[in-house]
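Position chain B against the provided structure of chain A, taking the given hints into account.
Just so you know, the protein sequences line up as chains A and B, in that order.
For any residue, its number in my numbering is found by taking its place in the first sequence, counting from 1, and adding 176.
For any residue, its number in my numbering is found by taking its place in the second sequence, counting from 1, and adding 29.
Rather than coming from a laboratory, the hints here were simulated on the basis of the structure.
Think of the CB as a built atom: it goes at the ideal place given N, C-alpha and C, for glycine as much as any other residue.
Hints should not be assumed to be uniformly reliable.
[Stated by the list, open to error] Residues from chain A that keep clear of chain B, each with C-beta distances beyond 10 Å, as calculated:
{"no.": "1", "residue": "TYR178"}
{"no.": "2", "residue": "ILE192"}
{"no.": "3", "residue": "GLN218"}
{"no.": "4", "residue": "PHE259"}
{"no.": "5", "residue": "LEU289"}
{"no.": "6", "residue": "GLU317"}
{"no.": "7", "residue": "LEU321"}
{"no.": "8", "residue": "VAL350"}
{"no.": "9", "residue": "LEU369"}
{"no.": "10", "residue": "GLN422"}
[Unchecked claim] Rough simulated footprint, nothing fancy, chain B against chain A, three-plus residues with beta-carbon under 8 Å:
{"no.": "11", "segment": "240 to 254"}
{"no.": "12", "segment": "261 to 268"}
[Unchecked claim] Restricting the straight-line Cα-Cα distance to at most 25 Å, the calculated cross-link-like pairs of lysine-lysine (DSS-like) are:
{"no.": "13", "chain 1": "B", "residue 1": "LYS99", "chain 2": "B", "residue 2": "LYS235"}
{"no.": "14", "chain 1": "B", "residue 1": "LYS158", "chain 2": "A", "residue 2": "LYS351"}
{"no.": "15", "chain 1": "B", "residue 1": "LYS124", "chain 2": "B", "residue 2": "LYS158"}
{"no.": "16", "chain 1": "B", "residue 1": "LYS99", "chain 2": "A", "residue 2": "LYS351"}
The primary structure of each chain is shown beneath.
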Amino acid sequence: MYLWKYWRESRITFGIAMLLLAGLTALSLRGHVVIGGLDERQYANVVNGMLYAAAVPMAIVAWVLGSFGVGRSLGEGAGSYLFSRPRPRAWFLWLDWGCGLGLLAILVLLYNLLTSWMAHRIMRAGGGPFSGQVSFRDLAEPVSLIHLMGLNAIAIFLFCGIIFGVVYLWTILVKNALGVVMGAGTLACYVILSAVIKHNFGYEMPDLLYRVYAISLGGVHGLQDHLGLSLALRAGIVALFPIAAQQVLNRIDI
Amino acid sequence: MSDFVVETHALTKRYGSLAAVDGLEMGVERGSIYGFIGRNGAGKTTTLRMLAGLSQATSGTARILGMEAKRDQVGILERTGFVIDTTLLPWMTGKDLVRFNRGFFPGWDDGLVRRYAEALDIPMNRAFKRLSQGNRTKLCLLLALAQNPELLVLDEPTAGLDPVVTDQLVRVLVEDFANDGRTILMSSHHLSEVERIADWVGIIDKGRLLLEARLDDIRSNYRRLRVVGERLPRSTPEALAVSSAEGVTEYVVKAGAEGLAAELGSQGAIVLEVLPLNLSEIFLVLVGKESHVPVEVLA
Numbered sequence: 177m178y179l180w181k182y183w184r185e186s187r188i189t190f191g192i193a194m195l196l197l198a199g200l201t202a203l204s205l206r207g208h209v210v211i212g213g214l215d216e217r218q219y220a221n222v223v224n225g226m227l228y229a230a231a232v233p234m235a236i237v238a239w240v241l242g243s244f245g246v247g248r249s250l251g252e253g254a255g256s257y258l259f260s261r262p263r264p265r266a267w268f269l270w271l272d273w274g275c276g277l278g279l280l281a282i283l284v285l286l287y288n289l290l291t292s293w294m295a296h297r298i299m300r301a302g303g304g305p306f307s308g309q310v311s312f313r314d315l316a317e318p319v320s321l322i323h324l325m326g327l328n329a330i331a332i333f334l335f336c337g338i339i340f341g342v343v344y345l346w347t348i349l350v351k352n353a354l355g356v357v358m359g360a361g362t363l364a365c366y367v368i369l370s371a372v373i374k375h376n377f378g379y380e381m382p383d384l385l386y387r388v389y390a391i392s393l394g395g396v397h398g399l400q401d402h403l404g405l406s407l408a409l410r411a412g413i414v415a416l417f418p419i420a421a422q423q424v425l426n427r428i429d430i
Numbered sequence: 030m031s032d033f034v035v036e037t038h039a040l041t042k043r044y045g046s047l048a049a050v051d052g053l054e055m056g057v058e059r060g061s062i063y064g065f066i067g068r069n070g071a072g073k074t075t076t077l078r079m080l081a082g083l084s085q086a087t088s089g090t091a092r093i094l095g096m097e098a099k100r101d102q103v104g105i106l107e108r109t110g111f112v113i114d115t116t117l118l119p120w121m122t123g124k125d126l127v128r129f130n131r132g133f134f135p136g137w138d139d140g141l142v143r144r145y146a147e148a149l150d151i152p153m154n155r156a157f158k159r160l161s162q163g164n165r166t167k168l169c170l171l172l173a174l175a176q177n178p179e180l181l182v183l184d185e186p187t188a189g190l191d192p193v194v195t196d197q198l199v200r201v202l203v204e205d206f207a208n209d210g211r212t213i214l215m216s217s218h219h220l221s222e223v224e225r226i227a228d229w230v231g232i233i234d235k236g237r238l239l240l241e242a243r244l245d246d247i248r249s250n251y252r253r254l255r256v257v258g259e260r261l262p263r264s265t266p267e268a269l270a271v272s273s274a275e276g277v278t279e280y281v282v283k284a285g286a287e288g289l290a291a292e293l294g295s296q297g298a299i300v301l302e303v304l305p306l307n308l309s310e311i312f313l314v315l316v317g318k319e320s321h322v323p324v325e326v327l328a
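One chain only, chain A, in its complex shape (with noise of 0.2 Å):
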């Protein structure tokens, strides 16, 4: 019942999401592969490019399932009685997660399969060795398409999950949807902040996404050491954004 709540409030920005996958699926069948005559580091470089494409219009559906659940029906006055239904206020808000980041699955997941499947056609253009695989300057075997966009897509949702996140939470303590707009100067500051202290002292903090490869200016040059554990730390900070909200909703008046 509740997941169908959900369901019914998010599914508008779910459908805008598939029809602009559809939309690019369908330009991309009809469109012809112009790019020629590179070699196979270049081709990382595209591939890297296409695969990240992703994420761009994933974050903005996150930053918008961010505001739909709990803090929503807050802003709406609907909040007395929601909570007066006999479920503790956690289920609520761990429903809500559950389903908003399912849903930011299936569209990374879909994405990532357009973009790598793009990617692949292009590869393919180009004929030679690298069909299906990619070559990286400092990693001796090339690394397969599909593995790599696996890899992206564990990172582009995590990246969602934090935006998701850091919308959902300020839904809560705004009590309101306008929790986006806090979310978004959030986000931002982040990534003003972190400019700064690079310009200043030189220190990089965390990027919100994490790329998987290490890059350069001479191009990609492999996957990023200790990925694994790095891609698990950020899993781990997905999580602490409803375990702050279940804290804020759990000692707040409704």
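Okay, now just chain B, sitting in the frame of chain A:
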């Protein structure tokens, strides 16, 4: 086992230095219709919100259906119908809300939904946000009744409703729900409505319960004495309030009016009349006073 379905002990809610509810001692008997009355801002809604677990008490305890409000909120909510705000999920229709609610309550009864939707003439296919205030209130009540609760807690259920809708709701509450031996705790500042249906009343002001009594006891024991005389006492143990105007002194007593009349007569005073009091008069006497009397419970 206690025969109170709601019991509070020293229940307090503070917002900074303001005590919205201040050491509330309240007991609602099983099977009763309890009218919880007070002025706007007296602490009625805050009390009910604490019972529903929507607001956390600063101190004190509340037990509902034998369960501690702080510890067993889910158990309480399964067996109690709360209508605190008449704002539901705005985009849902009545049918959507029924579907949404059904899974939450083990005792949910679709037969009651059909019956009350028809009896109260609720447009179940219209989005909640498009309903009139009267239909919103009726829908909220329908949802609470369909969960088959043992206790119904209503906050100002008839506020803003026309007399016809008010009458419909009151009939449903009294004739269908309370006649089954179930309990209603209802806040209101419509004294005539409370007087019409309640059998117990609690009067709250500035967060404190000033009076908790059976309505029948109020009717049979509370009296207003109008007395003329010299050097009349300004207070007596029985008197809730004493006032003088144009040479006539009025005593409002909670019991023992005959004894007081006899005593004053023996002192040379002339007792002009001994009048019964209605709830509205009692309320004005208690809430209109500058200093409060301690809570009085009449068994």
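For each hint, the structure was consulted:
1. Against chain B, the non-interface label of A/TYR178 is violated: not every CB pair exceeds 10 Å, the least being about 8 Å.
2. Listed as a non-interface residue, A/ILE192 keeps its Cβ farther than 10 Å from every Cβ of chain B; the least gap is roughly 18 Å.
3. Every C-beta of chain B lies more than 10 Å from that of A/GLN218, the closest at about 51 Å, which supports listing it as non-interface.
4. Distance to chain B contradicts A/PHE259 as a non-interface residue, since its nearest Cβ pair spans about 6 Å, not more than 10 Å.
5. Taking the minimum C-beta to C-beta distance to chain B, about 33 Å, the non-interface status of A/LEU289 holds against the 10 Å cut.
6. Here A/GLU317 stays apart from chain B, with its beta-carbon at least about 53 Å from theirs, past the 10 Å limit.
7. For A/LEU321, the requirement that its beta carbon stay farther than 10 Å from each beta carbon of chain B is met, with the minimum near 43 Å.
8. For A/VAL350, the non-interface assignment is confirmed: its Cβ lies about 18 Å from the closest Cβ of chain B, beyond the 10 Å cut-off.
9. Every Cβ of chain B is farther than 10 Å from the Cβ of A/LEU369; the closest lies at roughly 34 Å, confirming the non-interface assignment.
10. Every CB of chain B is more than 10 Å from the CB of A/GLN422 (nearest about 15 Å), matching its label as outside the interface.
11. Here's how the segment 240 to 254 of chain A fares: 4 of its residues keep a CB closer than 8 Å to some CB of chain B, so the rule of at least three is met and the hint holds.
12. Residues of the segment 261 to 268 of chain A with a Cβ under 8 Å from some Cβ of chain B number 4, which satisfies the need for three, so the listed coverage holds.
13. Distance check on the hinted pair: B/LYS99 and B/LYS235 sit about 24 Å apart at the alpha-carbon level, within 25 Å; holds.
14. For the suggested pair B/LYS158 and A/LYS351, the alpha carbons sit about 19 Å apart, so the restraint of at most 25 Å is met.
15. Under the criterion of a C-alpha separation no larger than 25 Å, the hint pairing B/LYS124 with B/LYS158 is consistent with the structure, at around 14 Å.
16. The straight-line distance between the Cα atoms of B/LYS99 and A/LYS351 is roughly 22 Å, inside the 25 Å bound, and the hint therefore holds.
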